[in-house]
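Colleague: Please put together the full structure from these sequences, using the hints given.
Order-wise, the sequence lines are chains A and P. Position one of the first sequence corresponds to residue 1 (this note's numbering), numbered consecutively onward. Position one of the second sequence corresponds to residue 1001 (this note's numbering), numbered consecutively onward.
Worth flagging that the hints you see were computed from the coordinates, not collected in a lab. Just so you know, these numbers come straight off a predicted model, no measurement behind them. Just so you know, even glycine gets a beta-carbon here, dropped at the ideal spot from N, CA and C. Incorrect hints may appear among the rest.
Which stretches of chain A does chain P cover? Using the computed rule of at least three CB atoms under 8 Å from a CB of chain P, they are [said to hold, decoys possible]: (1) 26-36; (2) 307-318.
Derived pair list, reagent style DSS-like, types lysine-lysine, alpha-carbon separation capped at 25 Å [claimed, not checked]: (3) P:1127 with A:3; (4) A:156 with A:214; (5) A:321 with P:1127.
Calculated Cβ distances over 10 Å to all of chain A for the following chain P residues [unchecked claim]: (6) 1005; (7) 1012; (8) 1022; (9) 1038; (10) 1051; (11) 1065; (12) 1074; (13) 1085; (14) 1111; (15) 1113; (16) 1115; (17) 1119; (18) 1122.
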Amino acid sequence: MLKLTPFHDRHLAAGGRMVDFAGYDLPVQFHGIIPEHNRVRNTVGVFDVSHMGRIEVRGRDALAFINRVTTNDASKLAVYQAQYSVLCYPDGGIVDDLVVYRLPDCYFLVVNGANNEKDTAWLHEHLSGEVQMENITEVQAQLAIQGPKAEPAIQKVCSIPLTPVGFYWAAHCEVAGVKALVSRTGYTGEDGFEAYFPAASALRVWDAIFAAGKEFDIEPIGLGARDTLRMEMKMALYGNDIDKNTNPIEAGLSWVVALDKPEGFIGSDVLKRVEEEKPARRLVCTEMQDRSIARPHYPITVQGQLVGNVTSGTLSPSLNKGIALGYVKRQFAKAGTEVQIDIRGRTAAALIVKPPFYKHGSVRKGQSGKA
Amino acid sequence: MANFPSDLKYAKTHEWLKLDGDIATIGITDFAQGELSDIVYVEITAVGKTIKRDESIGTIEAVKAVSDLYSPVSGEVTEANEALKDSPASVNKDPYGAGWMAKIRISDPTELASLLDAAAYAELAAKSAHH
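Modeller: Written as structure tokens, this is what we have:
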């Protein structure tokens, strides 16, 4: 039986085409992936991301525990600051990627919906010291409001000024009179927010945000456009670009791997060695040179030699060309390298390019630096 | 709701067919274009080739995924709709008109008898739809 998010009726009313995603009945699209994608790039769109796993961690040893299981350095977080991070296996393979928030009374972890149970079990297995963990996924709703007009839209229904809330910072406030945690985070490359609030008040928040965003033609956005938006930014998707057989160094996530943490972390020994010896392959961005579209698992070759595989691919609605992420052997990973991708038996030319594919996102990274 | 003109024949694999003499024009149904959504590229690879019924004669790329175009009849692929190169979205907007994909000179007219009429196809589409 598929689980329903608190917004399920709203998706059906908006004509959402529903699919099973992470065990939830979620909209893959409403009226088209390309127009929804453009809505987020141009003004503002709303994603129901209530399927994400949400876990509170508290107790005297919460920080030590989180620093042991995640790759980034959570000790650097100020209260209300957030950081992107990774959970690793001892061999350096990836359990999941996540966002870690430091809140006044706990640490708050947001993990991939499809990995919620696995992560929760993994975390329980590695609990040590005085730590309490609570999975609050079911009682909480989560929306991502993304796009250059996200702030003016939700500011109208938010009880605090949002301009001072920097990139990867959060605040407690009220949205439409409902107590919420709001952070300037997202998965689109645009400026925007994620809001966490009680599932019981979810529809009140939804309706208020849509009323507030009406002047910007706000729309609900499906999973299809979520995927094209993140791909244009080279944001990794667990299950495609990262998984237990990939490590964060080769995935280009060294910036969230704090190898200098004095106590180390699960996987740190292996990752140190990978970093020193340099990874055998790297996750790269490739742009197709003709109308082809690469899809996951298509072979990447150079002069007939297999050098890697595609992990994600689509038509980029913003660039109107085929784009793909994939792993290639390190010596072929440099931007400017010409490669070929086997498109169902036909060889198509592709060029390795610098990330991100889309360079005009409104995301306000500069304000706070990366956590 | 998806539209299925009554003067066309339909295949279970979601193609439509219109016969004019011995030339069959084929494309994908309104239901199929809706399922694929956002069609960005249509490539007919079998122009000039003799193909068997249910054989793939090309590919349809949507943003989300790629799918094969199957011929509902045997024959020779005589023409591909070149206009789709510049306007693949015609398949979404006008699947039975500007969105046609290929013409086939049919070699076995008896195959037509096994295709569905609009009512039977509508029933099939309703069963295949997401709920």
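Colleague: Sort out which numbered hints this structure fails and list those numbers smallest first.
Modeller: Per hint list: 5, 9, 11 and 13 violated.
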